[in-house]
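**Q** Following the hints, complete the assembly by docking chain B onto the known chain A.
For the protein sequence lines, the chains are A and B, in the order given.
The first sequence begins at 0 in numbering that gives the first Met the number 0 and counts up one residue at a time.
The second sequence begins at 0 in numbering that gives the first Met the number 0 and counts up one residue at a time.
Among the clues, some could well be false.
[Stated by the list, open to error] If you anchor each label on the Cβ, the simulated ranges turn out as follows:
id, chain 1, residue 1, chain 2, residue 2, range
1, B, P236, A, N134, 27 to 33 Å
2, B, G28, A, Q52, 33 to 39 Å
3, B, R761, A, K11, 57 to 63 Å
4, B, G415, A, Q52, 56 to 62 Å
5, A, T37, B, P236, 53 to 59 Å
6, B, R212, A, Q52, 32 to 38 Å
7, A, T37, B, P148, 30 to 36 Å
8, B, P66, A, K11, 52 to 58 Å
In case anyone wonders, no lab produced these hints; they're calculated from the structure.
Glycine included, every Cβ here is placed at the ideal spot set by N, Cα and C.
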Amino acid sequence: MGMKIEKAFQVKEPVDTVWKFLSDPRKVAACVPGAEITEALDSHTYKGSIKVQVGPSVTDYKGELRIERLDDQTHEIELVGKGQDVRGKGSASMKMSGKIRALPDGRSEVIGVSEVNVVGILAQLGARVINEVSNKVFEEFTANFQRQLQQEHAARLKPSGLGAAPQVAAAMPQPGQGTPVGPKPIKAIPLVFSALWAGIIGFFRRFFR
Amino acid sequence: MLQKTSPEIGGMGHPVKRKEDLRFIQGKGNYVDDVHLPGMVYGQMVRSPYGHARIKSIRTDEATKLPGVLAVITGQDLEKAGLSWMPTLFHDKQMVLATGKVLFQSQEVAFVVAEDRYTAADAAELVEVEYEVLPVLVNPHRALDPDSPILREDRDEKTNHIFHWEVGDKQATEKAFQTAPVKTKLDAVFPRCHPAPLETCGCVADYNPATGRLTVWETSQAPHAHRTLFAIVAGLPENNIRIISPDIGGGFGNKVPIYPGYVCAVVASLTLKRPVKWIETRSENLQSTGFARDYHMTAEIAADREGKVTALRVKTLADHGAFNAAAQPSKFPAGLFSICTGSYDFSAAFCEVDGVYTNKAPGGIAYRCSFRVTEAAYLIERAMDALAYELKMDAAELRLKNFVPPGKFPYRSPLGWTYDSGNYEAAMKLALERVGYEALRKEQEEKRKRGELMGIGISSFTEIVGAGPAHSFDIAGLKMFDSCEIRVHPTGKAMARMGTKAQGQGHETTFAQIVAQELGIPFADVTVEEGDTDTAPYGLGTYASRSTPVAGAATAMASRKIRDKAKKIAAHLLEVGEEDLEWEPGKFYVKGAPSKAKTIQEIAFAAYTNLPPGMEAGLEAVHYYDPPNLTFPFGTYICVVDIDKGTGEVKVRRFVAVDDCGNIINPMIVEGQIHGGLTEGLAIAFMQEISYDESGNVQGGTFMDYLVPTAVETPTWETDKTCTPSPHHPIGAKGVGESPNVGSPAAFVNAVVDALSHLGVRHIDMPVAPWKVWKILKDKGAVE
Chain A
0 MGMKIEKAFQ
10 VKEPVDTVWK
20 FLSDPRKVAA
30 CVPGAEITEA
40 LDSHTYKGSI
50 KVQVGPSVTD
60 YKGELRIERL
70 DDQTHEIELV
80 GKGQDVRGKG
90 SASMKMSGKI
100 RALPDGRSEV
110 IGVSEVNVVG
120 ILAQLGARVI
130 NEVSNKVFEE
140 FTANFQRQLQ
150 QEHAARLKPS
160 GLGAAPQVAA
170 AMPQPGQGTP
180 VGPKPIKAIP
190 LVFSALWAGI
200 IGFFRRFFR
Chain B
0 MLQKTSPEIG
10 GMGHPVKRKE
20 DLRFIQGKGN
30 YVDDVHLPGM
40 VYGQMVRSPY
50 GHARIKSIRT
60 DEATKLPGVL
70 AVITGQDLEK
80 AGLSWMPTLF
90 HDKQMVLATG
100 KVLFQSQEVA
110 FVVAEDRYTA
120 ADAAELVEVE
130 YEVLPVLVNP
140 HRALDPDSPI
150 LREDRDEKTN
160 HIFHWEVGDK
170 QATEKAFQTA
180 PVKTKLDAVF
190 PRCHPAPLET
200 CGCVADYNPA
210 TGRLTVWETS
220 QAPHAHRTLF
230 AIVAGLPENN
240 IRIISPDIGG
250 GFGNKVPIYP
260 GYVCAVVASL
270 TLKRPVKWIE
280 TRSENLQSTG
290 FARDYHMTAE
300 IAADREGKVT
310 ALRVKTLADH
320 GAFNAAAQPS
330 KFPAGLFSIC
340 TGSYDFSAAF
350 CEVDGVYTNK
360 APGGIAYRCS
370 FRVTEAAYLI
380 ERAMDALAYE
390 LKMDAAELRL
400 KNFVPPGKFP
410 YRSPLGWTYD
420 SGNYEAAMKL
430 ALERVGYEAL
440 RKEQEEKRKR
450 GELMGIGISS
460 FTEIVGAGPA
470 HSFDIAGLKM
480 FDSCEIRVHP
490 TGKAMARMGT
500 KAQGQGHETT
510 FAQIVAQELG
520 IPFADVTVEE
530 GDTDTAPYGL
540 GTYASRSTPV
550 AGAATAMASR
560 KIRDKAKKIA
570 AHLLEVGEED
580 LEWEPGKFYV
590 KGAPSKAKTI
600 QEIAFAAYTN
610 LPPGMEAGLE
620 AVHYYDPPNL
630 TFPFGTYICV
640 VDIDKGTGEV
650 KVRRFVAVDD
660 CGNIINPMIV
670 EGQIHGGLTE
680 GLAIAFMQEI
690 SYDESGNVQG
700 GTFMDYLVPT
710 AVETPTWETD
720 KTCTPSPHHP
730 IGAKGVGESP
740 NVGSPAAFVN
750 AVVDALSHLG
760 VRHIDMPVAP
770 WKVWKILKDK
780 GAVE
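So here's chain A without its partners, still in its complex pose (with noise of 0.2 Å):
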């Protein structure tokens, strides 16, 4: 089941912060519910799990993403990624684009393109869950976006410049240390029931056209 997100949102801080962010996945990646990146197999390709909970059903997507392009004058990524569950519950791929614009004020606008292409479980969930799902991640994506930005932005403007970003570095694995205490997963289950809501509602009205 493919479908294609656009959203857009904006932070405070100037073009260039906000792309020294977004051109980096391990940061991106530790903003998005759910996901981690595991390992660096170079500068251009990562290997990281995102995990999705719909009612009892954890499906845990393990797999790659790659940098498909990065331009440093337009400020404009493209990344891609698949990966499967590892108990064979499905896969999905994605194909995801970023672009950073200047506003007027001095403040950014962040362009998100987001094309996922769901197999399994998740899919049969039909689209308007999907959607619903798709929605709520984003909104946590958004908020944890504007908030590591402004911690990392705040620490670097730091006269001495140290501890840039400690929430993001704790998310990210350090070598020598144990299996890293993984991130929650994306809880669908409560979207699942408001969609239901959603759905009685309208069952009740079709009584009162």
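**A** Just chain B now, kept in the frame of chain A:
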């Protein structure tokens, strides 16, 4: 003519209330999931998330470790027992649990058995399957492309082509087309849909090691055939297998095939020596069990300028999914699709069908339909409308001009069927009158001037039901006769058992009424039992509207055997010769002396207490009925719709259904069947589709996406009837349960197309969802 019985006897034609409803409305039915046995454990399927993938490994250790888990069965385990594949009902085989490749999403991969259902479900989550994802084929039109993947590695033929089938006179048809002044062509898809019965499929398999007997409670429309197939496939002695179909919550063809879940439950019970229950979830039912239709059809009609049809040419691509599991008579790869000349007197016709494999669930079952009759009826009724537009002729007038006339029956169709009886004109005229056709056309004309959208759709279908004559009809080799055994007890009450199995049709009432009609025993005194292979005589089951045409006939014939014996006993009791006796329902009396009579109850008592010398005791009979021909019910449906231009929503304002199913056993049950079938037809026409995306994901796999109509969406049905008895059926009946589902989709779509015809619209594929209509209105510039 049949003698009308008293209301107390309640024979044919009495609208008596359904006996079975007493328990159903109290919630006291007994369905498979109501079966609880001591020591019973539960099975859960692990299914493929992919439409096409190679299994690299299956790891079951984590699942096995979970407390309460008793076994995890994989395809490799079944392979050792020679059970990883099973035969389908149509010259093919199907994986029970996948080995090698999976071929459709939700395909069965492993079977987990645990002490309770929750543990089984949890353990199924822990089974780790590693897949190599392969390119997916979901579009049947691409099945034969050289760059498409070959799906079935197990077959010698390295192609996705399953069969080519043709019938009719190709040359005569070509010739008629060459000279015809008017030709019309229609491309129509009958989309993949699913019967979605209220109760999903399931079973309880109970192998008793002490007796060596296997009892399987199963949601089966054909318990006897299943017993034989279990015996052949699993190599068990047939006398040690007992299949019980208890109450069944709707089947509609979905419960004809044998599914991997049944086989796995049986294997698990044989292995664990405990009863194993397996019940599908709704999504499992929609995604993996027998779908219907998926026919991609082209019809061409040749006609003269006055609108007289001369020839029909049909070419169809049939999408059978991953395995050819079509449940249909083995000589007919496209079922009875060749009924596609319908109610019209074509002089030549040619029909060809090609079947292909795709990465979709297997099936091709007859959803409330006698083996592809629905596809055929839809195609010809849509094509006749296309011809009417071509000729600028009224759709009703065109049909009346081309009906097989009443005097031409029995009618031999150019595709080889002999229609038993019909009076198409009478049914149509009644429907036109009931709906007020002329006034509606005037209203439509006025509304068009005001820019309002209103349409009238007609469908004058002919069915072919009651399979079928042993000379050409069999399922997996078993001839399609059916049976009835009647035992009249000493007190005059009776027990009747059939080889059929009702799933909501009301057999406990209608078959009792046939016995009542033939023997005069009140229907209330006749208990009908079906579905237990230990007690019922062998039969092929209930589907394809065959119960009344075949088992109903067997019931009448068995009753008549009993009446023949009863007459001998009556003669003995009345001390007269048999030739001196007259029958009226319920008693024999002496000609000219009606007071000298013996009731059937007195005769029954005598059969056990006071027999003529030398006569065998008891009053019972069994009959296996081989029908001489099929029966051909028909009717005319007229649908009136209004379309909301703003939303594209179609509102069915009126629907008049005139049915002719020959002699009626219970008018109330017939009406109920018609209401139900029309509602299902409405759902198919406007709401339902099991579609797949390019990656092979099922898009109609839950009730959120596969819609079922409620009372809110369902319009008021106006029913009526004509009666043209079947000349070869013992009680002149034809079968009716499927007519409304067969005949109505074309009426709905014809009405919508008619509403939009002035905009140049000639066809819309089902389901006619509001967005499709709205898009057409937008494209045609009818809305802003």
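**Q** Each hint: holds or not?
**A** Checked hints:
1. With their beta carbons about 60 Å apart, B:P236 and A:N134 fall outside the hinted range of 27 to 33 Å.
2. The hint said 33 to 39 Å for the Cβ distance between B:G28 and A:Q52, and at roughly 37 Å that hint holds.
3. Checked against the hint of 57 to 63 Å, the C-beta distance between B:R761 and A:K11 comes to roughly 58 Å, which is consistent with it.
4. The hint said 56 to 62 Å for the Cβ distance between B:G415 and A:Q52, and at roughly 58 Å that hint holds.
5. Taken as a hint, the range 53 to 59 Å holds for the pair A:T37 and B:P236, whose Cβ atoms sit roughly 57 Å apart.
6. Roughly 45 Å separates the CB atoms of B:R212 and A:Q52, a value that falls outside the hinted 32 to 38 Å.
7. Take A:T37 and B:P148: their Cβ atoms lie about 33 Å apart, and the range 30 to 36 Å holds.
8. Between B:P66 and A:K11 the C-beta distance comes to about 53 Å, which sits within the given range of 52 to 58 Å.
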